[in-house]
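Chemist: Residues per chain, in single letters:
Number of protein chains: 2
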Amino acid sequence: MSLDVTAGEALIQNNLEKFLLVLSVSLTVATLSRTVSWMRQIPYTLLLVIVGVFLAFEDVRLVNLSPELILEIFLPPLLFEAGWNLHWKHLKQDLIPVTLFAIVGVMISIFGMGWLLATFTSIPLPVCLLVGASLSATDPVSVIALFRELGVGERLTVLMEGESLFNDGVAVVAFGLLVGLATGSQEFSLQATISNFSVFVGVGVGVGSAIGFGISYLTQRFDLPLVEQSLTLVAAYGTYVITENLGGSGVIAVVTTGVILGNFGSRIGMNPRTRLLVTEFWGFIAFFVNSIVFLLIGDRVQFDSLQESLVPIAIAIGGLLLTRAIGIFGLGGFSNWVAKSDIKLPELTVLWWGGLRGSVSIALALSVPVMLPEREDVIGIVFGVVLFTLLVQGLTTKSLLQNLSLLDENSRKQEYTEVVARRAALERVLQHLQQQQVRSDVPPEFYNYQTSLIQGELNQLQHQLQHLQNEDPDLKDYASQLLKDELLAIEADTYAEFVKSGQLNQELAPFLQGQS
Amino acid sequence: MSLDVTAGEALIQNNLEKFLLVLSVSLTVATLSRTVSWMRQIPYTLLLVIVGVFLAFEDVRLVNLSPELILEIFLPPLLFEAGWNLHWKHLKQDLIPVTLFAIVGVMISIFGMGWLLATFTSIPLPVCLLVGASLSATDPVSVIALFRELGVGERLTVLMEGESLFNDGVAVVAFGLLVGLATGSQEFSLQATISNFSVFVGVGVGVGSAIGFGISYLTQRFDLPLVEQSLTLVAAYGTYVITENLGGSGVIAVVTTGVILGNFGSRIGMNPRTRLLVTEFWGFIAFFVNSIVFLLIGDRVQFDSLQESLVPIAIAIGGLLLTRAIGIFGLGGFSNWVAKSDIKLPELTVLWWGGLRGSVSIALALSVPVMLPEREDVIGIVFGVVLFTLLVQGLTTKSLLQNLSLLDENSRKQEYTEVVARRAALERVLQHLQQQQVRSDVPPEFYNYQTSLIQGELNQLQHQLQHLQNEDPDLKDYASQLLKDELLAIEADTYAEFVKSGQLNQELAPFLQGQS
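Those sequence lines, one after another, are chains A and B. Count the first sequence with this note's numbering and you get residues 1 to 516, in order. Count the second sequence with this note's numbering and you get residues 1001 to 1516, in order.
Just so you know, the hints here were simulated from the structure itself, not pulled from any lab data. Be aware that a few hints might be false.
Facing chain A, from chain B, some residues (calculated, C-beta under 10 angstroms) [said to hold, decoys possible]:
#1 L1016
#2 S1024
#3 E1072
#4 F1074
#5 L1095
#6 P1225
#7 V1234
#8 F1334
#9 W1337
#10 K1340
#11 A1421
#12 L1426
#13 P1443
#14 E1457
#15 L1475
Where is the CB? At the ideal position from N, CA and C, for every residue including glycine.
Could you build the full structure based on these sequences and the hints that come with them?
Modeler: See the structure below:
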């Protein structure tokens, strides 16, 4: 045992250095992607995949941890963050289509892809179904990273994130069952399948809810920002580990905890400043972990096995796009008809094309038992399809959104906020200008010209705001809310400055927070 | 190798669960320590040590990683955070006493303790010197955690933190040399010692400066908050790993990087909001890591070896207090005489009694080679002394500060600053509110209500300030000092902005600094 511990520690030490290398590469890519103009067209995460593939091509392999462990380390924080930022209020409105996509859509995809592959290749049906199961769940991490970077509207994001966050449970159960069938260790039984699925999802939702509500009510009893922030981190990993040990879906459990803490716990148990801090903290964690995950996805490509599987990969891609079309347009239409969900055709098109596959698919493929002779084929096909979805679908989704003019349709609140931001910036400039006017070293005409320029723009902005408010009276409340948030932020930032300059020991609870 | 990887991964997996357990215990302790009134008297970190010792007594061992690895994981972020928040402006003023304490003080301690132990016990002199070297460096983590929680004044904190951050280099070099002597593998040579020490410290300062200034100038070229935040994390671990691999002092290197990024890089390369976010992020990391480290220190106690070494422990404690008295009072007096540093007797007393030992001492003791027959004795003695400094000295430092009335004056100033901070925040809010009043997009009743609310609170704060000044006329000077610091900060920040925007090459020396 002592030897194993040493080997393990060498592994950790070795990997610490490798992770530092991975991060350095990722941060370089991140910096280039924002500063070099032609790279700005490519979403940052996809650029990382490309760099990773390039490194793999040069046979530079960055980290040699098993995919299960990578998932255990990186998946919980990403899922928790997604849940934390998911608006339950919006998800509730689209619960029916999301549930249909996540359950029925995945099944259509598994059997459709499996059948197509078995028909057009010589791979046996059970193995084809395994490939189908690996590839049927859209990847929350990839989808969320892409949609956020592109700035897709609220509803599309909720539909896509909701589906991605909840369909893993279905795919993982189906996969486990199909592994049993493919290796001949288990016979199919509808009853057992349904019962397995219920336990898997039920334990996930149960543990997630218990931890989520438990922490929500706990944090209501005290106001300790650092403890509350730490608790969210412990909750993310703890929920995942406990649920997996109990035989439930860790993915579903973490998402549940995240949704509860983000939508309920953070409101009843945290002061606004803590909520903001925690949200910013998780935003950073998501950026940080994504920087690692997408580079590693690219870096794990095995070119040999890709080349050998070109034909089945092409068939699988066709099957994936076809079955997803059936699932999304069919179920979407059904939901529009039954539940009046009113998802428009352009939105359905984006849901169809934007359903990327990622780390979850890869992890499932890599967990195919070594005893199965077709294991390498499964891995090769899955990697090929994942790369296609990330690089081809991922890179073209932006154009698709533009062509469907879904990107232009910014929510009115967003437009309002932009005008407010512009007004705030110009007011600050004007104020600065007026303070300077007493100086004699700049010609007064310059001041007058600039002042009238800005004043004119400000008047126009004011008209624009008025116009927006007339169009949508709800924006009046929104304006008051914006201003109140602003005031609270100024107060809280001032305390933070006092702390940073060493004059105060700890931040004060904002006075304005208690006032309605 | 494949087997080793599996063993390593099992270790990581196993330890993830254990760390979650550790964190749950720590957060419970943190919450209790702020909510249960009698526990509020005990600094949180020391409460964690006590709980850890209790768990060890019940033979609950939480984590079985080697101390080297624990140091490699936990030390860099703690040291970086300490460096980031260290005010170079203040440290510069006390550079002479800090350097004297960190170099000469450590030597006095090593030889004094070694000689006392060798005289009064039967342990051979080289081993006694090893004990002395392990225990001679005050522990930055413990000291900083304690002083911050107690709210000790700025100057005492700088003196203590400065010493603790820089004396490790001396102790580690001395320890390495003494291990060679004790195991008979090396002969003493003054020349070799000095050259070793120079390389060790020089490489540390060199690598730390290179990385610190490199990142400072790099981040000046772009404004990407998440990348800059990630870079500080990469910098903390990267500096440590690179320097240790080059044979330098990782501790000194990380501190150097932290001081440079916190005092220079964050001013020229980050916008104020990023700087604040990064500071808050590191504050959280420090809390989080401290929650783990102090519990583990307590949990690692071996009661058997403590019991066997009771007599040498008592002698070592005596030696430690005696040699530190000579070092602090002697060198402090010398510095007061030569450099006019004017450190008062009560302050020296706190520096003497508050010099806690912690994780660095334990790590050094545990790294004594197994071939040395007295290894267990060394570990037992060092653990005993560390526990004494943490539990006895740590728990009584607050009373000492109160008796020397170093905390009272400070807490009144603190109270005054809190009111001032609140007034500044609300004045800023009010000003913002009044600028907005011309806008027509928010109902006027909202403005009037908020304005009267804030105005009322401001009047009350003004009364409170008057009352505090009447009670203690010294606060008038303090108020002037606060305003002067504020003006100086505005001036310095303005130059930093000019540098950041590329209009100035280097920061100007503040005009107000020269004025009394």
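Chemist: A separate judgement is required for each hint: does it hold in the structure or not?
Modeler: Results for each hint:
{"no.": "1", "hint": "L1016", "in the structure": "holds, 7 angstroms"}
{"no.": "2", "hint": "S1024", "in the structure": "holds, 6 angstroms"}
{"no.": "3", "hint": "E1072", "in the structure": "holds, 7 angstroms"}
{"no.": "4", "hint": "F1074", "in the structure": "violated, 12 angstroms"}
{"no.": "5", "hint": "L1095", "in the structure": "violated, 18 angstroms"}
{"no.": "6", "hint": "P1225", "in the structure": "holds, 9 angstroms"}
{"no.": "7", "hint": "V1234", "in the structure": "holds, 5 angstroms"}
{"no.": "8", "hint": "F1334", "in the structure": "violated, 28 angstroms"}
{"no.": "9", "hint": "W1337", "in the structure": "violated, 29 angstroms"}
{"no.": "10", "hint": "K1340", "in the structure": "violated, 24 angstroms"}
{"no.": "11", "hint": "A1421", "in the structure": "holds, 4 angstroms"}
{"no.": "12", "hint": "L1426", "in the structure": "holds, 7 angstroms"}
{"no.": "13", "hint": "P1443", "in the structure": "holds, 7 angstroms"}
{"no.": "14", "hint": "E1457", "in the structure": "holds, 6 angstroms"}
{"no.": "15", "hint": "L1475", "in the structure": "violated, 14 angstroms"}
Figure legend: structure checked against the earlier numbered hints; hints not met, in rising order: 4, 5, 8, 9, 10 and 15.
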